[in-house]
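Novice: Next come the chains, spelled out residue by residue.
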Amino acid sequence: MDTTMLFAQFQKKIDQDIKIEPQDWMPDEYRKTLIRQISQHAHSEVVGMLPEGNWITRAPSLRRKAILLAKVQDEAGHGLYLYSAAETLGITRDEMYQQLHSGKAKYSSIFNYPTISWADMGAIGWLVDGAAIMNQVPLSRCSYGPYARAMVRICKEESFHQRQGFEILLTLSKGTKAQRKICQDAINRWWWPSLMMFGPTDNDSPHTAQSMLWKIKRFTNDELRQKFVDVCAEQVKFLGMTLPDKDLKWNEERQHYDFGPINWEEFWNVVKGNGPCNKERLATRVQAWEDGAWVRDAALAYEEKKAVRQYRYDAENENTKMPVS
Amino acid sequence: MNAESMIPNHNAVTDTTINAMLQLADDNLIMGHRCSEWCGHGPILEQDIALTNIALDFVGQARNFYQYAATILQQMPNEKALALVDFDMVPEQITEDSLACLRDAGAFKNHLLVELPNGDWAQTMLKIFFFSAYRFYLFQLLQKNTDTQLAGIAEKSIKEVQYHLKWSSEWVIRLGDGTDESKNRILKAMDTLWPYAGELFGPAKYELECYQLESIAFETLRVNWLEKVNQIFEMATLPAQSFTQWHQSGGKQGIHTEYLGYILAEMQFLPRTFPNATW
Ligand SMILES: [Fe+2]
Ligand SMILES: [Fe+2]
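Read top to bottom, the protein sequences are chains A and B.
Per this note's numbering, the very first residue in the first sequence carries number 303; after that it's consecutive.
Per this note's numbering, the very first residue in the second sequence carries number 45; after that it's consecutive.
Incorrect hints may appear among the rest.
Anything over 12 Å on all C-beta distances counts as not near chain B; from chain A, calculated [claimed, not checked]:
| hint | residue |
| --- | --- |
| 1 | Ala310 |
| 2 | Phe312 |
| 3 | Lys334 |
| 4 | Glu347 |
| 5 | Asn356 |
| 6 | Gly381 |
| 7 | Thr390 |
| 8 | Glu397 |
| 9 | Thr478 |
| 10 | Asn490 |
| 11 | Leu541 |
| 12 | Gly542 |
| 13 | Met543 |
| 14 | Glu554 |
| 15 | Glu567 |
| 16 | Asp593 |
Stretch-level coverage of chain A by chain B, calculated; a stretch enters the list once three of its residues show a Cβ under 8 Å from a Cβ in chain B [as the list claims (entries may be wrong)]:
| hint | stretch |
| --- | --- |
| 17 | 359-370 |
| 18 | 373-379 |
| 19 | 557-564 |
Read the hints as simulated data drawn from the structure, not as lab findings.
Backbone N, C-alpha and C define an ideal beta-carbon position, used for all residues, glycine too.
Starting from the given sequences, assemble the full structure and let the hints guide the process.
Specialist: See the structure below:
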């Protein structure tokens with residue numbers, strides 16, 4: 303079959319909402335785009351464990367400690383599903399780690415911001431997990447089967463995280479003056495970076511058209527960002543707090559909230575590695591990987607020894623076995 | 045049946061129960077704290093998840109023991125309850141959280157073993173193995189306690205402990221019988237931790253009374269534990285161990301290593317900075 307035919311059949315499947323599975327033919331660009339996107343997503347889950355992990359030992363109550371531990375553990379699980387999904391496209395987890403550690407692969411820039419108060423655990427749950435859900439719910443209908451299925455499981459847990467985060471903020475908002483202060487402060491710091499999580503504006507997002515054609519993406523960055531603003535602008539009222547945007551205003555005509563300009567200079571700087579925690583986050587991952595090398599070697603060496611012993615045992619017993627006719 | 049009759053009503057019994065519950069809870073809380081320090085830093089993602097899960101189990105068990113102690117204390121006149129617990133900041137209400145966060149190091153009753161730093165993966169695995177083996181045999185005994193609350197917690201927890209024991213045993217075997225480096229590391233961990241193992245088998249008076257055990261039971265526990273350790277060490281191609289005359293102790297009397305103060309400074313700072321705030 304010639305390539306034109308393959309392309310046509312592939313696109314036909316996509317148009318009919320038939321999932322593409324690992325063994326199916328797919329254009330190289332489709333494969334590459336997915337590997338990049340899924341591995342980036344996996345790295346984000348794993349790097350994302352660090353800013354929240356930062357507060358596990360300092361959680362203010364045993365209940366909050368248990369919830370936070372479970373949350374960070376969920377994120378590790380998300381990383382695992384996503385690495386597995388990416389592996390179905392013909393890349394190994396070690397190769398993906400390699401790309402992360404060398405700086406070649408990116409992860410979500412939001413995790414390059416510091417968590418400096420307990421309220422940040424609330425703001426991350428509400429805004430960061432919230433933005434992730436906005437992005438990911440459409441991905442659970444993505445054309446690539448393994449990615450879509452991973453997203454279904456992940457989204458269920460993310461909505462838990464979002465509710466738990468909001469509940470942390472709600473408790474703070476009803477608390478003492480000092481608690482209300484850290485609550486507002488956390489919202490102020492996490493709001494704009496959360497809006498940046500949807501990526502550059504559609505004009506600056508050259509891959510969007512192709513990704514939409516392939517149904518990897520279902521909505522544009524700006525559409526999702528608007529949806530997120532509309533939801534948060536209402537939710538923040540329950541907290542009795544404000545979003546740090548003087549231009550935020552309901553637009554009756556558009557039936558959406560208008561909002562102020564995003565600082566894209568900051569966005570691109572954080573992407574390029576100049577965010578407040580880029581160096582720390584990456585260094586921490588690299589260190590964990592390097593410190594763990596001897597552990598992985600030992601596990602491997604032990605498995606090999608075990609396999610050899612099993613082989614010898616089988617071979618010895620082979621001689622005493624009766625031939626089976 | 046009224047609430048009063050559900051709890052041991054004799055003063056001395058209550059006293060020993062509270063102390064024993066705090067001992068159990070403190071061990072769990074500090075174990076959980078140390079294990080949780082690994083979260084996000086493990087050598088293999090799957091193992092990071094497993095260890096975080098174990099940290100969660102430890103914290104969960106700590107909560108059960110603290111909550112039981114808090115329930116008993118809440119049913120007493122307040123001054124009496126406050127006299128039983130060595131708080132250094134008087135809580136508005138005695139809860140699992142005030143028990144965890146408003147007592148200073150001198151009031152903590154955990155074994156010294158659990159507060160030692162994580163060290164490398166070998167040291168952490170060996171520590172979890174030692175502790176889980178001890179807890180496994182102890183909870184087998186506690187399941188039979190006539191205090192149904194305590195027996196219930198032990199029964200519920202032992203399933204988790206069994207898993208921790210299996211998981212950590214497998215790691216001890218893997219590291220012992222892995223590479224030269226991993227063997228050296230586990231031997232070094234052995235040197236570091238062994239002086240703290242003996243304390244697990246020196247019961248305080250309140251433990252014997254609350255657990256309804258004679259000292260001989262702890263002696264049996266010690267023998268079973270050592271047998272388990274040596275069984276796993278043999279599979280790990282590590283040398284057999286025996287107890288030495290001397291071991292470190294003091295945890296149950298509130299005399300700790302230098303490490304505990306730092307753990308508590310971190311763990312307790314929020315509730316102490318914002319007294320009586322709700323989180
Ligand atoms: Fe996640
Ligand atoms: Fe999440």
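Novice: Hey, is Asp593 (chain A) genuinely clear of chain B, shortest beta carbon separation above 12 Å?
Specialist: violated (7 Å)
Novice: Closest CB-CB distance from Met543 (chain A) to chain B, is it above 12 Å?
Specialist: Its Cβ never comes within 12 Å of chain B, the nearest being 17 Å, so this holds.
Novice: Any Cβ of chain B at or closer than 12 Å to Phe312 (chain A), or is the non-interface label fine?
Specialist: Correct as stated: the minimum Cβ-Cβ distance to chain B is 32 Å, above 12 Å.
Novice: Please check whether the beta-carbon of Gly381 (chain A) is more than 12 Å away from every beta-carbon in chain B.
Specialist: violated (6 Å)
Novice: Residue count check for the stretch 557-564 of chain A against chain B: does it reach three with CB-CB under 8 Å?
Specialist: With 0 residues in contact (Cβ-Cβ under 8 Å with chain B), the coverage given for the stretch 557-564 of chain A is violated.
Novice: With d taken as the least Cβ-Cβ distance between Glu347 (chain A) and chain B, does d exceed 12 Å?
Specialist: violated (10 Å)
Novice: Test the statement that Thr478 (chain A) is away from the interface with chain B: the closest C-beta pair must be farther apart than 12 Å.
Specialist: Non-interface label on Thr478 (chain A) violated, nearest chain B Cβ at 5 Å vs cutoff 12 Å.
Novice: Is the Cβ of Lys334 (chain A) more than 12 Å away from each Cβ in chain B?
Specialist: The claim holds: Lys334 (chain A) sits with its nearest Cβ about 24 Å from chain B, beyond 12 Å.
Novice: Quick check: the stretch 373-379 of chain A, covered by chain B? Criterion 3+ residues, Cβ under 8 Å.
Specialist: holds (count 4)
Novice: Test the statement that Leu541 (chain A) is away from the interface with chain B: the closest C-beta pair must be farther apart than 12 Å.
Specialist: holds (15 Å)
Novice: So Thr390 (chain A) supposedly isn't at the interface. Is its beta-carbon more than 12 Å from every beta-carbon in chain B?
Specialist: Fine: 17 Å to the nearest Cβ keeps Thr390 (chain A) off the interface.
Novice: Examine each Cβ of chain B, and state whether all of them lie more than 12 Å from the Cβ of Asn490 (chain A).
Specialist: holds (20 Å)
Checked against the numbered hints given earlier, the structure breaks hints 4, 5, 6, 9, 16, 19 and satisfies all the rest.
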